[in-house]
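Colleague: The task is to assemble the complex, starting from two chains supplied on their own in separate frames and drawing on the hints.
Chains as they are written, first to last, in the working numbering: chain A, 1 to 488; chain B, 1001 to 1481.
Simulated from the structure, these hints should not be mistaken for lab results. This one's a predicted model, so the numbers in the text were calculated from it and none came from an experiment. Any given hint might turn out to be false.
As the list claims (entries may be wrong) - Straight-line alpha carbon distances no greater than 20 Å define the calculated SDA-like cross-link-like pairs of lysine to any residue that follow:
1) A:Lys381 / B:Lys1394
2) B:Lys1345 / B:Val1399
3) B:Lys1129 / A:Val341
4) B:Lys1075 / B:Glu1157
5) B:Lys1168 / B:Asp1199
6) A:Lys381 / B:Tyr1095
7) B:Lys1394 / B:Asn1349
8) B:Lys1075 / A:Lys65
9) B:Lys1075 / A:Thr241
10) A:Lys378 / B:Tyr1274
11) B:Lys1178 / B:Ala1366
12) A:Lys378 / B:Ser1166
13) A:Lys381 / B:Lys1075
14) B:Lys1075 / A:Pro244
15) A:Lys357 / B:Tyr1081
16) B:Lys1129 / B:Asn1220
17) B:Lys1268 / A:Thr241
18) B:Lys1075 / A:Leu243
19) A:Lys378 / B:Pro1280
20) B:Lys1346 / B:Met1356
21) B:Lys1129 / A:Leu340
22) B:Lys1129 / A:Pro277
23) A:Lys41 / A:Gly413
24) B:Lys1075 / A:Arg238
25) A:Lys381 / B:Pro1280
26) B:Lys1268 / A:Tyr371
27) A:Lys411 / A:Pro277
28) B:Lys1129 / A:Tyr331
29) A:Lys378 / B:Pro1278
30) B:Lys1129 / A:Thr241
31) B:Lys1129 / A:Asp339
32) B:Lys1215 / B:Gly1117
33) A:Lys381 / B:Pro1278
34) B:Lys1075 / A:Ser240
35) A:Lys65 / A:Thr47
36) B:Lys1478 / B:Val1455
37) B:Lys1075 / A:Leu377
38) B:Lys1215 / B:Pro1278
39) B:Lys1447 / B:Asn1436
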Amino acid sequence: MTPSPETWTAESIGAAIRDGGLHASDVCESYLDRIRRLDPKLNAFVTVLESGARMQAESVDRDRKAGKPLHPLAGVPVALKDNLCARGVETTCSSKILRNFIPPYDATVIERLRAAGSVFPGKTNLDEFAMGSSTENSGLFPTRNPHDPGRVPGGSSGGSAASVAADFAPLALGSDTGGSIRQPASFCGLVGLKPTYGRVSRYGLIAFASSLDQIGPFARTAMDAALLMDAITGPDPRDSTCLPEPAPKFADGLREPFRPVRIGMPREYFAEGLAKPVAGAIDRLKDVLVSLGCSVVDVSLPHTPYAVPTYYLVATAEASSNLARYDGVRYGLRIDSADLVQQYFLTRARGFGAEVKRRIMLGTYALSSGYYDAYYLKAMKVRRLIYNDFMEAFRGVDLLLTPTAPTTAFKFGEKVSDPLQMYLSDIYTISANLAGLPAVSFPCGFENHLPIGAQMIGPALSELRMLRILHEYQKQTDWHARRPQNLS
Amino acid sequence: MTYEPVIGLEVHVQLKTSSKLFCGCSVQFGQDPNRNTCPVCMGLPGVLPVLNRQSVLLGLRAAIALNCRPAPFFKFDRKNYFYPDLPKAYQISQYDLPLALDGFLDVSVDGQARRVGLERVHMEEDAGKLVHAEPGHGVPAGTSFVDYNRAGVPLMEIVSRPDLRSSKEAHAYLDALKQIMRYIGVSDCDMEKGSLRCDANVSIRPAGSSTLGVKAELKNLNSFKFVERAIDGEIARQTEILQSGGKIVQETRGYDSASNTSHAQRSKEEAHDYRYFPEPDLPGFSLSPENIESVRKNIPELPAVRRARFLSEYHLPDYDADVLTAESTMADYFESVAREGADPKKASNFIMAELMHDLKSAGLSADQSPVNPRHLAELLKLVADGKISGKISKEIFPVMFKSGKSPAEVLKEENMELISDAGVIAAFIDQAIAENPKAVQDIKGGKQSTLGFLVGQIMKKSRGQADPALVTQELRKKFGL
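Looking at chain B on its own, in the form it has when it is part of the complex (with noise of 0.2 Å):
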């Protein structure tokens, strides 16, 4: 018998404020242990939380970006348990009002476009992390610690349909809203900083039908390769099971990268009762649509939309599209250049082949390129205006990037400027008619054509500092054409 997997993926980003979901507290990375905490995150007795306004905004961006309908009206809820790393012991979140319901997320697979639905948006609360001892920490082995820096720090949760039907497909669906996630500025979406993670809810069925198999929940999917692995490793093992004639039994399952195996965490039956009920600190937040419609007009254009853009606008190449629009900023940078003036397609094919190598080994992004949009435009001016070679346009460029400087400013350095004294030209004219006799023979019997090669030669000749228009222009003149 073939199965057909389904997935579902539950992915928290870390919503990309400067301040904690609850509290005033910092949400900067790798800070020393509990130093971004106070009385409200830490959790201590009297204290009460205040929703962080700005958290509800990029929340809502997020939600109408996925195509979701937000809630007019949104309540938080506790969701309680014990573990040393939540120092309330409940986790403020949402349960039956979530920020939002019923979006969805076009992904493309193989070049096919697949509709991938999206059940929910939530916010809510991270918690801390435990930090084991080890030998040199001079405390007895077994020895935990509590770090507090991230509770507290708002987190959306991106709840999937089972509408999954491979891993590939999950991990085109975490592309995309990565993706979405970054162009609109809601998450920078960076699993190693904990900014983005996923767990994804796996169930096999016979294929053709519709009813729902048992699943499990995949956790600990530290990368979007270890999701696509953990869910391979999943379909798998269950396929086996049923194969074998076993039974499938819910549970929650954390995945190890190391052997690329997974090993049941809970069952069904010692699963939490987390007793949602609703937060008594925090009142219910109404959503007006005056609201609503203000963060839409906010959101920026989406990326399957501004790609559409680059190919009728700017008559691009699907793959040049693809790769310019991949980040905004990258998009953003391609289209200032557009703009002053480059042809579009001479800058689309200099900034994938030089710039992007550029930033990609200086680690930056192309909104902090060193080589701003207009001194690209004028470079490409440049050639285009038949002022430098492409070569010469390559040559200079790096130097473009560690300075800063002009173009023009560069070629005067460098000493690389044109040379358009028609002395100097006829002397490299004389020299290339003297060296090439047959090429002078064909000219003179009426191959125009091989006029473009003198014109070549003279070039190299003038390490491309000759101005090709001038070139052309006198050795016409020499034929007397």
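Pulled out of the complex, with its shape left as it was, chain A reads as follows (with noise of 0.2 Å):
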């Protein structure tokens, strides 16, 4: 194989080392070449961990000299969210309070991959503390849409996102809240899986909402993210509410026969706000999925108007109380003041960006003292509702089918001065994450040279299934192949 990362898939990548047609080393260059010629256009890393990858793609080249036997990732570049703890390696979550912040741990999804022989480039750039929808939030630098450097990546995880769009990685691990792997992957032309809640350990990851976070893969196809999600998944006696059950052999799942499914479309995903272009390109994916087989129904999921409103309720609460050990007493930014007190107001006052503080406002609010059940105890209760409206759907269909967000790409600062605007461009995300299941979005079409993101929605653990659609899909389409124009 040619050293040219703009035809290159993880899934090849790792079958090239095994069998010695590339040396990791080599693959590593590439990317790390690429990285540095592209990358101060973008914005899409933190951190870059030059040697580190480095060190990391000789020991696969040794162990592969070695006879030992290679995982399937071995030697593959994972870019990684800079809200993943990595041992050794500064951890920002792009929020200045956490600047020189080295975990002295690894969190298990790094822990797995550093076994299974990753490479990994870099530290990816987020909304600070994963909250936002464009990267603008990010305390560093925005990151640029490779796909269009006048536009957002999609956020939080739009470092990541754009880390593989513009082929500084074949892969990226993200997180998604709210929708933060799966609207940067509409954004930016991929695939973005947000696993069950559950599914994948949490340790690690730098909690925004702990019961939304999950982590997940992003990837140019079905194959490549079954293989991330391969190595990620599975049982951790680390975190408490990951699910105890083995997880499936996903590339594995990918190989059986297709069987078609019952796609279900929620009729409130396509109502106001939907932009024509992204109706169409779903129109247009529907009828695929009908030529593989699959049959198409509509569906009603009633609670959905009042899943924004509940997000921001929960996820607000969850976060107030997260992130108040960001006190300057033990790590990151501390601002000395003789007063213990005035230390906290200015630390957190400097350390923090506006939207982090406006949310840990709000959810202070939700959790105060004769608030507690108008706000956030109503919320749960609605959560609830909008769990059951899913589980009433499922009774008549194996998968739902909506777009991802209601646009493509926004331009930078179209709604940064509107937070409710910014908010619903979560509406068709924001969902999965409250009833715990597994999404993926993945591309579709494209308005112009900007992608369009479809997302399907499963019962819980049936991310199997999805990627399975989305494999036979992709063999019929070729969006997901689509390179940035322009780019060099």
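Modeller: Written out as structure tokens, the structure is:
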């Protein structure tokens, strides 16, 4: 194989390294070279780990030489969202308050990828503490969309999405609390999977909203996503919310014969606010699925209008507590003051950005004495109703098909002054988090040069079923293979 | 007007686990600062708690021993507040679905039995502690350090109902609680090592009234004695306020044992809003009736039951039963001695008079006694069989205590074996007869009771070593009786 990241997939790199057609070190250098040349235009990375990546790649080559068996992801670069703790590597959450924080431990997903022999080219940018939909809330700098540098890559995992879209790595890990993997996958023309809550260990993922957060893969193909899922899923005694059931073999599952499924299209997701080109692309996607033998019916998720307000109560309440530990006492930023309370005030005032402060305030309010029942408790009840909607729908269909976002990637500054408009860009993705269900976004068309994403939502633990359909769809179409134009 | 005090206690005991509540760190006391820490109990970003099963079993055992109803389902909640000793800025505690509810504890006050209701028992993690710089530490004055060794140590909070009516009852309640916790191995309840802490809610109301007055919460009560004093002081303070026409304000008050006074710390308006909400990092936990039954089965006999049994089974006086059952290790020891065949009352006397004294001076508990129960039973048997005198038994006991040897070994080494050589005894008898003509005359005159006096004289001459049975037998022979 010739060293050209623009034609590679994780699957092809892994295979070539195993059969000797490629050295992991050459793969690594090709990607590092591309990052050096192109990332200054995009700012996908907060930290590039050149020497660490080289050492990992060399170690894979040594293992190959020594005849050791290699994991399918050995030597395959995986970019890491900078809210995943990696031992000895600065982990910032793109926040000033965590500058210089170097965790002494690996997140479970990172530990597993290390064991597989994956190479980590760098830590990617995000909206501060994963709060946002564009990376404009990053406390460090925004990331640009490889398909159009004047537009956002989506968020919060915008850096991870941009890094795969720009071929800085064939794979990346993100985290998804309300759409933070799927919406940037949609904006950047990628497969982005949010697994079932509990499918992937959260140990080492810096928490935003603990009952909603899940780590998941970015990839171009269903097969690449499956390979990354194989590496990161499975029980973990360090996360009590991680499911005890062993995960299926995802990549093997994609090689099984395809069986058509019943697909539901929730009518609440195709109402006002959905851009025409997006609706049109989903329509054509539907035709492909029908041609594959799937049946498509309309379904209803009647509590959908309450998803956004419910989410912004539950997520902010948990965030207000999760982010309380950044007090300048033990690590990260500290603005010294002789007075303890002043030290708290100054540290948190200067360390956190505006959106993070806004959400801490919202969440603190929702949990306050006298307001708890009206806000947090009521939100938890509505959350259950939203879950029940899905359970009802899944009595008649195997999967739901929806748009991922109302529009394609928007321009910088377009929504930043209006938080509510920004929050509404997650309107189709939030419900899956509230219900703990798996959901995947994938490219199903373009509006001019901008990718359009579709979303499948499935019952708990149906990731393999969704990836299998996606795999079949990707055999029929080539939207996933389209690289950004004019990026070189 | 006379007032009736109404008191409720909130007691925290440290569960006797080997590791912390949500991580594997040691709970060993007295370590260098921050030695017993890891990313989890330091609250580093991204880490998650994992519940220590042993702490649940201990908590459940305590709950059952305190007659509480274990919850079929319990969960944890976050209690949010900022303080440098709280690494996550929230404490993982239990709010609306605690481990157990509705129990009671029977206590005895001046011989009167009192039943004190318990509201709830819940588990939570401890915080760390601040260490303030002193001259010589080489840092500017006003600098504080934090030691997180205690952060995450498992605690159980036991909340009583406002059923206590005097400081004395409060003290008795604490004594009873501590005794049970130690009996069932749930906690050492050592206030000095922080494994028991107590806050007291105190209010007063006109005698006969059934409504509750405004309460003050007393904190920083570092011994049972201070609990008693602080409550007395608070009752007096509140009485004075009411009698002079004032109003009690709800507040938290810190007790200062040096001056035996308390001062206001936080009023109700300044109280924290802890913003409790369910801990999303931990699922809820279900307890099946089988789980609960298996814990119940393994609870050892509780102090009150054991005390009653000591009265009926061993026919001991109240006092002996009280003393022997105060600690389970001592009660176990006594029962081992009795099982070896010793007379229960004799064993009780010897343990209370000799063993407890020696254990106390050596700073040991009964299960650490160098004299094993079998050796003590053997010693008592030697006395019972008349092989040695009571006096000798008390002389050789300290040697047994020091060496851990059996009474036979000690008697041999100390040359204090029983004299059962008829020739040697005959010599003592002849001497005694020569020295006590009056007694001899009495015996010959038919006053057989005086024989005992002569036996005593002979025992004295032999320094207690003569076999008293043989002495009596030989003496009777001498007088042809």
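Colleague: Does each hint hold? Answer for all of them.
Modeller: Status of each hint after checking the structure:
Of the pairs offered as hints, the one joining Lys381 (chain A) and Lys1394 (chain B) is violated, with about 74 Å between alpha carbons and a cut-off of 20 Å exceeded. Proximity of Lys1345 (chain B) to Val1399 (chain B) is assessed by CA-CA distance (about 23 Å); at most 20 Å being required, the pair is judged violated. Simply put, Lys1129 (chain B) and Val341 (chain A) have alpha-carbon atoms about 17 Å apart, close enough for the 20 Å limit, and the pair holds. Distance check on the hinted pair: Lys1075 (chain B) and Glu1157 (chain B) sit about 15 Å apart at the alpha-carbon level, within 20 Å; holds.
At roughly 15 Å between alpha-carbon atoms, Lys1168 (chain B) and Asp1199 (chain B) fall within 20 Å of each other, so this suggested pair holds. In summary, the hint linking Lys381 (chain A) to Tyr1095 (chain B) is supported, as the alpha carbons are separated by about 19 Å, within the 20 Å threshold. For the hint pairing Lys1394 (chain B) with Asn1349 (chain B), the CA-to-CA distance comes to about 12 Å; that is within 20 Å, so the pair holds. Restraint check for Lys1075 (chain B) and Lys65 (chain A): the C-alpha separation of about 52 Å exceeds 20 Å, so the hint is violated.
Distance hint between Lys1075 (chain B) and Thr241 (chain A) is fulfilled; the C-alpha atoms sit about 13 Å from each other, no more than 20 Å. In summary, the hint linking Lys378 (chain A) to Tyr1274 (chain B) is supported, as the alpha carbons are separated by about 19 Å, within the 20 Å threshold. Between the alpha carbons of Lys1178 (chain B) and Ala1366 (chain B) the distance comes to roughly 17 Å, so the proposed pair stays at or under 20 Å and holds. A hinted pair counts as satisfied when its Cα atoms are at most 20 Å apart, and Lys378 (chain A) with Ser1166 (chain B) does not qualify at roughly 44 Å.
Taken as a hint, the Lys381 (chain A) and Lys1075 (chain B) pair is honoured in the structure, with Cα atoms around 18 Å apart against an allowance of 20 Å. Distance check on the hinted pair: Lys1075 (chain B) and Pro244 (chain A) sit about 19 Å apart at the alpha-carbon level, within 20 Å; holds. Taken as a hint, the Lys357 (chain A) and Tyr1081 (chain B) pair is honoured in the structure, with Cα atoms around 17 Å apart against an allowance of 20 Å. A threshold of 20 Å between alpha carbons decides the hint, and for Lys1129 (chain B) with Asn1220 (chain B) the separation of about 14 Å falls inside it, so the pair holds.
For the hint pairing Lys1268 (chain B) with Thr241 (chain A), the CA-to-CA distance comes to about 37 Å; that exceeds 20 Å, so the pair is violated. Restraint check for Lys1075 (chain B) and Leu243 (chain A): the C-alpha separation of about 18 Å stays at or below 20 Å, so the hint holds. Annotation: proposed proximity of Lys378 (chain A) to Pro1280 (chain B) holds, straight-line Cα distance about 17 Å (limit 20 Å). A C-alpha spacing of about 14 Å is found between Lys1346 (chain B) and Met1356 (chain B), which places the hinted pair at or below 20 Å, so the restraint holds.
With a C-alpha separation of about 15 Å, the suggested pairing of Lys1129 (chain B) with Leu340 (chain A) holds against the 20 Å cut-off. Distance restraint check for Lys1129 (chain B) and Pro277 (chain A): the Cα-Cα separation of roughly 60 Å exceeds the 20 Å cut-off, and the hinted pair is therefore not satisfied. The straight-line distance between the Cα atoms of Lys41 (chain A) and Gly413 (chain A) is roughly 18 Å, inside the 20 Å bound, and the hint therefore holds. Between Lys1075 (chain B) and Arg238 (chain A) the CA atoms are separated by roughly 18 Å; this keeps the pair inside 20 Å, and the hint holds.
Straight-line distance between C-alpha atoms of Lys381 (chain A) and Pro1280 (chain B) comes to about 15 Å, which keeps the hinted pair within the 20 Å bound. As the CA atoms of Lys1268 (chain B) and Tyr371 (chain A) are separated by approximately 18 Å, the hinted pair is consistent with the 20 Å bound. Simply put, Lys411 (chain A) and Pro277 (chain A) have alpha-carbon atoms about 17 Å apart, close enough for the 20 Å limit, and the pair holds. Note on Lys1129 (chain B) and Tyr331 (chain A): the hinted pairing holds, with a Cα-Cα distance of about 18 Å set against a maximum of 20 Å.
Our distance criterion of 20 Å between C-alpha atoms is met by Lys378 (chain A) and Pro1278 (chain B), whose separation comes to about 14 Å. Taking the CA atoms of Lys1129 (chain B) and Thr241 (chain A), the gap is near 30 Å; set against the 20 Å cutoff, the hint is violated. As the CA atoms of Lys1129 (chain B) and Asp339 (chain A) are separated by approximately 18 Å, the hinted pair is consistent with the 20 Å bound. Under the criterion of a C-alpha separation no larger than 20 Å, the hint pairing Lys1215 (chain B) with Gly1117 (chain B) is consistent with the structure, at around 18 Å.
A hinted pair counts as satisfied when its Cα atoms are at most 20 Å apart, and Lys381 (chain A) with Pro1278 (chain B) qualifies at roughly 14 Å. Restraint check for Lys1075 (chain B) and Ser240 (chain A): the C-alpha separation of about 13 Å stays at or below 20 Å, so the hint holds. Distance check on the hinted pair: Lys65 (chain A) and Thr47 (chain A) sit about 30 Å apart at the alpha-carbon level, beyond 20 Å; violated. For the hint linking Lys1478 (chain B) to Val1455 (chain B), the alpha-carbon distance of about 12 Å falls within 20 Å, and the restraint holds.
Under the criterion of a C-alpha separation no larger than 20 Å, the hint pairing Lys1075 (chain B) with Leu377 (chain A) is consistent with the structure, at around 16 Å. At roughly 28 Å between alpha-carbon atoms, Lys1215 (chain B) and Pro1278 (chain B) are farther apart than 20 Å, so this suggested pair is violated. Restraint check for Lys1447 (chain B) and Asn1436 (chain B): the C-alpha separation of about 14 Å stays at or below 20 Å, so the hint holds.
Comparing the model with each earlier hint shows violations of hints 1, 2, 8, 12, 17, 22, 30, 35, 38; every other hint is respected.
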